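Single-letter residue listing:
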Amino acid sequence: MTSNLLVYLIALPLFGSAILMLAGRRSDKWGHLFATALSASSFGVGLYLFSQMLSRSGSNRAVTQNLFSWISVGTFHVNAGLMLDQLSICFVLLITGVGTLIHIYSIAYMSHDLDRRRFFAYLNFFIAAMLLLVLGDSYLNLYVGWEGVGLASYLLIGFWNQKPTYATAAKKAFVANRVGDLGLSLAIMISFATLGTVSFAGVKEHAGQASTGALTAIGIMLLVAATGKSAQFPLQAWLGDAMAGPTPVSALIHAATMVTAGVYLIVRSNFIFDAAPTAQLLVAIIGAITLLFGAVIGMAKDDIKKALAASTMSQIGYMVLGAGLGPVGYAFAIMHLLTHGFFKAGMFLGAGSVMHGMDDEVNMRRYGGLRKFMPITFATFGLGYLAIIGVPPFAGFYSKDKIIEVAFNMGGIKGVTLGGAAMLGAAITAFYMTRVVVMTFAGNKRWDEKAHPHESPALMWIPMVLLAVGSVASGFIFTHGNSLVNWLAPVVAPNPEHRSEMLKPAVVSIMALVAVLIGVGIAIMKYLRSQVPVVAPENVSIFTKIARRDLLQDDFNEAVFMRPGQKLTQGLVVADKALIDGAVRGVARMTVGTGSTLRNTQTGFVRSYAMWILLGAIGLIAAIWVVTL
Amino acid sequence: MNPANYLYVAALLFTIGAIGVVVRRNAIVVFMCIELMLNAANLAFVSFARINGNLDGQVMAFFTMVVAACEVVVGLAIIVTIYRSRRSASVDDASLLKR
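Protein sequences, first through last, are from chains A and B.
Start counting at 1 in the first sequence, then tack on 14, and there's your number in our numbering.
Start counting at 1 in the second sequence, then tack on 23, and there's your number in our numbering.
Nothing false has been slipped in among the hints.
For each label pair, taking beta carbons as the anchor points, the in silico distance ranges come out as: (1) A/Leu612 with B/Asn75: 39 to 45 Å; (2) A/Thr617 with B/Met55: 19 to 25 Å; (3) B/Arg107 with A/Val598: 47 to 53 Å; (4) B/Asn75 with A/Ile635: 18 to 24 Å; (5) B/Phe86 with A/Tyr623: 23 to 29 Å; (6) B/Leu99 with A/Asn614: 28 to 34 Å; (7) B/Met55 with A/Val598: 50 to 56 Å; (8) B/Arg110 with A/Ile635: 35 to 41 Å; (9) B/Met24 with A/Tyr623: 36 to 42 Å; (10) A/Tyr623 with B/Arg110: 20 to 26 Å; (11) A/Thr617 with B/Ile42: 16 to 22 Å.
Derived contacts from chain B toward chain A, CB cut-off under 7 Å, selection only: (12) Val44; (13) Val114; (14) Asp115; (15) Ser118; (16) Leu120.
Hints were generated in silico from the structure; no laboratory data involved.
Predicted, not measured: the structure shown is a model, and the values here were computed from it.
Each residue gets a CB set at the ideal place from its N, CA and C atoms; glycine is no exception.
With the hints as constraints, model all of the structure from the sequences given.
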């Protein structure tokens, strides 16, 4: 099936971005409305395509559109083509849907910012790039979108680049992403070298003939790409600092969509990972490490956005873990991605709403008792909270429990380790999210007399309410009659063999609920029953101190990469000066020296020249005579 | 007569000319010595033509004469101009063109 509508999904927001950037200040008055309208119309196109998809049967739901021939060298052809299948449409609806809500929210949130138009231009650009990422029909097309979202992320993290720390945060995110991007480009090169093609369909077709070693190499490189974009261990350090961007950006890019691109990449490449078990296991291990890593950081953060960022890292860890569990896990990874898109975006918008009412205060120790002043924010944030910790029947319960269950059912030591990590992560998640909610909305007030907390305007709380509805309902919708698993079946080909279930789903659910209750209980004991100090206590255990320093991730990067890197560049500078410059200068000095020596023969006396000519002629004749002798 | 004797004369003339160019300071004398070297070369050419029994050397001698005539015209003009401006025909006085 082909459809010529696909390009409009991308073209509409891209057009909006171009207009806003080109029109400049002239579009200040209507730019935000224009951008929101184009994002919404892209969502409309997505809904129309989705409805058309629903009317077709499972195997021919995917539609493609060939735009133009991009690269044609010898036997190597890459078309700029788009492909919308069951997996892409989930993302398209998430990106444009949540994206439009966040556009609406930003109209109010950014209303006092002089550069609001530029902000909306970047937002539209992000939507276009992200859609290109999920709609590209080859790794090369995906790569373009992949770089585009990286650029948008950089621009938006550093949106308030008048503050040097924010600009640094943007650079940090960009550099970390570049490391991951290197993995993706290497994966594309290996794929081209061994399989001769870079399109998804082509790689899927030829993957059977390639050696396991090559596929493992591609898989690991794709994993490196995913760790960079999705803030997974060991490239996770940028996400916390990325919170420097305006809160809607954190909600859209660094919670709901862009950071999940790595999960998309892994699920999209399922045919590679299924054929390379080592790479697949590595994916699961990275996911398990990150979900605990993020959760531990989340426990120690006092900055509400950084706590949520750590939580995002941890939740994406769940998705990557799910994607690393093979065919049984792909659909659940995507399910958690979608539900997370709802509840985490909702909570970030809630955090933005709190900041909006509290004069941009982000320290949760300066909040407290806000539920009376911000009832709608409290309600929507609370629903998102119930969803993320996995209380039935909210969304997170369905998606996260499935991942835990599948992890346990891998069997053997692998299953126990991964499942145990996921279970422990659930308990910690419950702890730190309860901490966030209690410190922000419950307890007694700890803010300044100058602050006047108030509920946000309707333009802000309507998107929050809609996202909260999604956090409540999406899990049930996706699991009702196995709808999402069946929907994605043509793309990710679930394993037909029936696995022995080590633990029944009900047992896993009960265990997870107990873990969650323990986490919630500890948090309530610690933060609700006792007074929360306004200044973070200093006499804490070494573990808390390390967690506050983001588990030393920055210290590690600085000690292992940045300092030696600086030494390396300093060494290179010395080598450059001594060797390269030395060689060039040496040649110059030699020429000058030879010249000034030879200059002495230029006496100006004609007879001396005649003498030299004569001697030369005699020498020449003598040489000839010697040679012919 | 042995043709090699002409070559000996030519070598002698050339040596006298070369020594004269290197040793003498008067531009006119230097010039005459150059002419002497040219004519020594001409004599050698003609002798070789005789020895080898063809006309190549004689043709070259004519060329040399033409070139020498031109050279005399240009050279004398330069010498006269230098003499007029500097009141001296010494080649060592005209040594401004140096480092």
